[in-house]
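Colleague: Input sequences plus hints: build the corresponding full structure.
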Amino acid sequence: MPQLPAPDYPADVKARLAADAREVIARYPDSRSALLPLLHLVQAEEGHVTRTGVRFCAEQLDLTTAEVTAVSTFYSMYRRGPSGDYQVGVCTNTLCAVMGGDAIFEELKEHLGVDNGGTTEDGAITLEHIECNAACDFAPVVMVNWEFFDNQTPRSARQLVDDLRAGRTVEPTRGAPLCSFKETARILAGFPDGRSGAVEATGGAGPASLVGLRLARGEAPAGAPTDHVIAPRTAAPAEEPPDGRPGEQAPPTHPSSHDAPQQTSASDDAFPAGPTAKEGE
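Sequential numbering of the sequence shown, starting at 32, is according to the working numbering.
It should be emphasised that the hints constitute simulated quantities derived from the structure, not laboratory data. Keep in mind it's a predicted model, so treat the numbers as computed, not measured. Hints may contain errors.
Said to hold, decoys possible - Label pairs and their computed distance ranges (CB to CB):
no., residue 1, residue 2, range
1, Val230, Ala101, 33 to 39 Å
2, Leu241, Lys140, 33 to 39 Å
3, Pro38, Gly221, 23 to 29 Å
4, Gly112, Ser187, 36 to 42 Å
From the three backbone atoms N, C-alpha and C, an ideal C-beta is built for every residue, glycine too.
Modeller: In structure tokens form, the structure reads like this:
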């Protein structure tokens, strides 16, 4: 049976959201471009994108509810059903998984009594696995409402969710202070973050992220031995034969593929690429 039209928001709620929506829409030359932040706005109201929220977005942007639903169901950031105050995402992509992400996820599923995407009975935690948190140098990583909790273990992750459920204050490893999922959604809609210290908080790259850059520059990472650092290619060639010491260069008779072209089937007449017979033979 087809569903009846979605109910509308109460008059006072709709008036408040409409005022916020006008502010968001005014940022864009094409009103349709405001759909993503408006979906965050309605998600901030009820904790997920409801049919009422879809109807509201459609009315504000002169779209059909089918057009709004197509977008809201495409992106995983928009929840389709009631969810917890804290979205706990465990990275289970390759590096985090190898470093312990899979073990963390299994531990939390058993401890919380929920599966992937499930919410605890008290409505505090929604658990999910995330493909990548873009923080591989801090693996394994857990995120709570998109704030970082780095270098986790099954034990520390279990303590984290226990603290959240008990209402105890938890501090992200880096970045802004933690807030509820609804507050996060409103911030993502583009409204000011009023949390004390949130704007000043940062979450830059960690030391492990910069090792490759320093090696490429011929620098030794802080605290690392310097006997195997190779100078960058722009440095003058070493006068002595390479011995694995600072300033070492690749032998001139064995150029890197970056320094000289290599013989391939496309560049060597003795090994032509492609069919040798003429068409029709």
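Colleague: Each of the hints needs a verdict: does it hold here or not?
Modeller: Going down the list of hints, with the structure as the test:
| no. | hint | result |
| --- | --- | --- |
| 1 | Val230 / Ala101: 33 to 39 Å | holds, 34 Å |
| 2 | Leu241 / Lys140: 33 to 39 Å | holds, 35 Å |
| 3 | Pro38 / Gly221: 23 to 29 Å | holds, 26 Å |
| 4 | Gly112 / Ser187: 36 to 42 Å | violated, 29 Å |
When the structure is compared with the earlier hints, a violation turns up for hint 4 alone.
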